[in-house]
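Below, each chain spelled out in residue letters.
Protein chains: 2
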Amino acid sequence: MAVDEILERSAPGPVGEAGRVSFQVEPGSYRHWRLTFDGPVATLAMDVDERGGLRDGYELKLNSYDLGVDIELYDAVQRLRFEHPEVRTVVLTSAKDKIFCAGANIRMLAASPHAWKVNFCKFTNETRNGIEDASASSGQTYLAALNGTASGGGYELALACEHIMLIDDRSSVVSLPELPLLGVLPGTGGLTRVTDKRLVRRDLADYFATRSEGVGGARATAWRLVDEAVPRPRWDQAVAERAAEFAARSTRSSRPEATGAGGAEGIALAPLAKRRDDDHIGYQYVTAALDRAAGTATITVAGPGQDPPHADAIAAAGVTFWPLAVTRELDDLILDLRTNEPELGTWVLKTSGDAGRVLAYDRLLLDNAGDWLVNEIVHYLKRTLKRLDVTSRSLIALIEPGSCFAGSLFELALAADRCYMLLGVFEDGDPEVGPATVTLDGMNLGPLPMGNGLTRLQTRFLGDDSALTAASEAAGRPLQADQAEELGLVTFAPDDIDWDDEVRIAVEERASFSPDALSGLEANYRFAGPETMETKIFGRLTAWQNWIFNRPNASGPDGALRRFGTGQRANFDRKRV
Amino acid sequence: MAVDEILERSAPGPVGEAGRVSFQVEPGSYRHWRLTFDGPVATLAMDVDERGGLRDGYELKLNSYDLGVDIELYDAVQRLRFEHPEVRTVVLTSAKDKIFCAGANIRMLAASPHAWKVNFCKFTNETRNGIEDASASSGQTYLAALNGTASGGGYELALACEHIMLIDDRSSVVSLPELPLLGVLPGTGGLTRVTDKRLVRRDLADYFATRSEGVGGARATAWRLVDEAVPRPRWDQAVAERAAEFAARSTRSSRPEATGAGGAEGIALAPLAKRRDDDHIGYQYVTAALDRAAGTATITVAGPGQDPPHADAIAAAGVTFWPLAVTRELDDLILDLRTNEPELGTWVLKTSGDAGRVLAYDRLLLDNAGDWLVNEIVHYLKRTLKRLDVTSRSLIALIEPGSCFAGSLFELALAADRCYMLLGVFEDGDPEVGPATVTLDGMNLGPLPMGNGLTRLQTRFLGDDSALTAASEAAGRPLQADQAEELGLVTFAPDDIDWDDEVRIAVEERASFSPDALSGLEANYRFAGPETMETKIFGRLTAWQNWIFNRPNASGPDGALRRFGTGQRANFDRKRV
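Quick mapping for you: the protein sequence lines, in order, are chains A and B.
For the first sequence, position 467 matches number 467 in this note's numbering, and the numbering has no gaps at all.
For the second sequence, position 239 matches number 239 in this note's numbering, and the numbering has no gaps at all.
Chain A extracted, bound-state conformation:
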């Protein structure tokens, strides 16, 4: 059954009445995870409700997951960073006996259309990168405590943790059975993390990924698939010890005022105020106008309404603090549009507001980078911009009078595939509003790297150091269109006479091209230069997985993915491609 058909009659949960998936959940309503706290150690236990699938038609047995389970996981990972500055180790484990997690639900995958599978895997990969970002950037280290078998996506989830413990009970194993059982790849990071993170030798990795029964105990340790295999009698104590060790080494909340009794206070991620209908999505600062005929979403990000508060007042402002509010809204919007609006293939990016205030907020963030909350906000913005980078939609930035593409918001223009900036003003525009300007600041020069490890500015000027230097040295100066074009910061700078035609053609033309070819083009162009584990996951592993998902050998009526569990073997076209 196609997922689209199930959509209309789905029960409460993350699928709303119009059949749209919502990414807004909260711990009180989790159906699949239990989050508990013990001082600096949090335990995030997977306890999937078999009947809690996002759609009808499959049961989430053996802690297998679907997008709904992943949405709760993402929410938990976010809350741990913002609401729990005291947490330094997160123990990821299972609340079920003998099974950690069986990976993505196969019946769900088999029944899902291609685009759904791909989008689901992308979100899953992003959450796993987010887990690694918590360990790397936030002193909140994830420890996988595999108290039972971790197979497929279950083991890939463990791979996102810094340390993997496996219970040594002669039956629990780690495995990547996707290839032998389903004819697809361990595609949510699995292959890449096994070789590039765990440094498993590739011939052993090959054997491992073709052995559906998995590997446990001493062999799993010797091959580096896990860090330690611990017998059951010592399990609880060993996990507690390891969690305490990681907590003791953490630098989280290390500023003086946070080390006192109680440490820093977390801030509550209150629900977003969001209006959503067929044509419009609105939050406080971010709005999107959806034009189905044109195939576009026009996204406008509003700058701050007031000057920034004093540094001491940031925590009190909490989710109302503009940088955090705007990031949360943008994050939710990206996920909403990606999941619910696959036919809106072009996103037009605009901003509106006072550029000076954006720069003032940036300065506040840069000046207080050592503050735990500021650190969290900047890394969250970094992750959200990365989400934009890997979004399979064409991004066109329009810079017009009244906009505020400055500092952190200029990253939106740098993330775009193309950027048009009006030279001068519109003849019929507001006479009070002068020509648009763009301004770089410190936020463009380091704190918001892309997945390839470079800033968007470095990626833009790859190999052209003099252009990079010239642009960097212009930081702090408002640049009009001709200057921005001269410095290579915008693609084209048409004047009022040409603007409408040029922009219209760019947007209309985009809608006329093959959506698949555009996804491929953008996935290649957006990441010039060096590659990292992250870009390899999104670029190489994902592309191969998408190809395999789309092949009859996996998804055809006789394919392995469709035939899994039917008792019938797959019938392969044996030609190698």
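Keep in mind that the hints were calculated from the coordinates and are not lab data.
This structure is a prediction, so every number in the text was calculated from the model and none was measured.
Among the clues, some could well be false.
Just a few of them, taken from the derived set where beta-carbon distance is under 8 Å, the chain A residues facing chain B [said to hold, decoys possible]:
#1 Arg460
#2 Asp464
#3 Leu468
#4 Asn524
#5 Arg551
#6 Ala560
Glycine residues also receive a C-beta, built at the ideal position from the N, C-alpha and C atoms.
With chain A held as given, fit chain B onto it using these hints.
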């Protein structure tokens, strides 16, 4: 093996009587290229015979190409390196007026099955990498002299050259029209080379790749799409000057005896002696037994039959010199099997002969690395092993008594996805032959890097410096199975009792898996660690292109590739994936 084997003749064109494509051609029979010489400058002019397509059903108009055109190009590139040590600049141009090359023939692509398209693109990419290797490793610099429009694959061919000159006549342009016209990518290196080699800013690259009419003149130069745009009156002279400049800077044939009158003599790449039928492919040193029921090709590489000659005698030996002979045979075999035997999904790699002699030949090569011919042979072996790395077949190496997996031939085992080495001897084996050994030497430690820039040994032990050091320090020592396993040089070392079962299961199991998933698995596992332009082309760009090729939006009955030239617009599924 006797020397009087019949040569498989392709008459006429590269498709032989059994419908197999042959990669053996020679300049005298080129239908599509003209190769002329003027001292240190060779001119390779594309002059495609419209009626010379490899298959019926399409005409190769406007210097468009198919696999047959590419096979001749590959042959020319190889001969330039071996037969023409005096050539220091190769001017790649067109013998036709106003058109350089229109890229891959669209009707051919539209009519080709998926596997054919993918294999064709792979070979095309390999030849382009070979062109870059000539510039980088051989002092033989390629200069693209675009005397007319270069579009699609035509421009991608130019991108493989070190310097691109475009005639500035108000009509000649460079373009990548694949996306707007065909709904596919510029997938033979195009996207990657534009951003990572030419360093074109990605927003300009985006505009360029969506503008089917292309970019010429000053704009093409300003955007770095070409290095210079030269008006027609100055064209011939400018090309000649530039060719002479590159030749003057070349280090080719720099050894003392080559700088005398006439310089070094080239060696003739005489036709390979090859026997080929449905079950067997045989050359002098390399044989392959094809088992269609099992889906395997068992490839055996024989070591040298005699001790190496003195260094002075290498050139006289020419194509009979063992390292060159074995490399040519292996290269042809890989291409034959890839193109003509897509259902043989597993290649079992064996060797036979005297390991000591292999090591002696390696020493000769290493000791004479400065000799132009030795340099060519080692780089050719490097390229051939890289071809193996990107081959979408499972590679299983079997190391048995009587084998000679030593030095350069041990690279075959390192290239394999898995390697089995017999511990001890076969109980019923030849009592004269002792247990197998493997030996590393200098050839494993540098001269034969993979596409990722690392040696196969470095890739194998990525991030494990102590294992790499231990293996490297064992160089020169023959290692028995237990030692090789201990050092991590082989995957498994079963004894006589387990050998048959373990090997049989490994091979049979491989044949039972999804061929697509295996291609994806191997493409990910084989390249751990850093990425280069080359691995990005084969890993990321190719994977996206394969996915796009396989999508209805390109190859379905209403897809852009199928509808091109019919006057009907493609009908796209607009959902973004």
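Contradicted hints - numbers only
3
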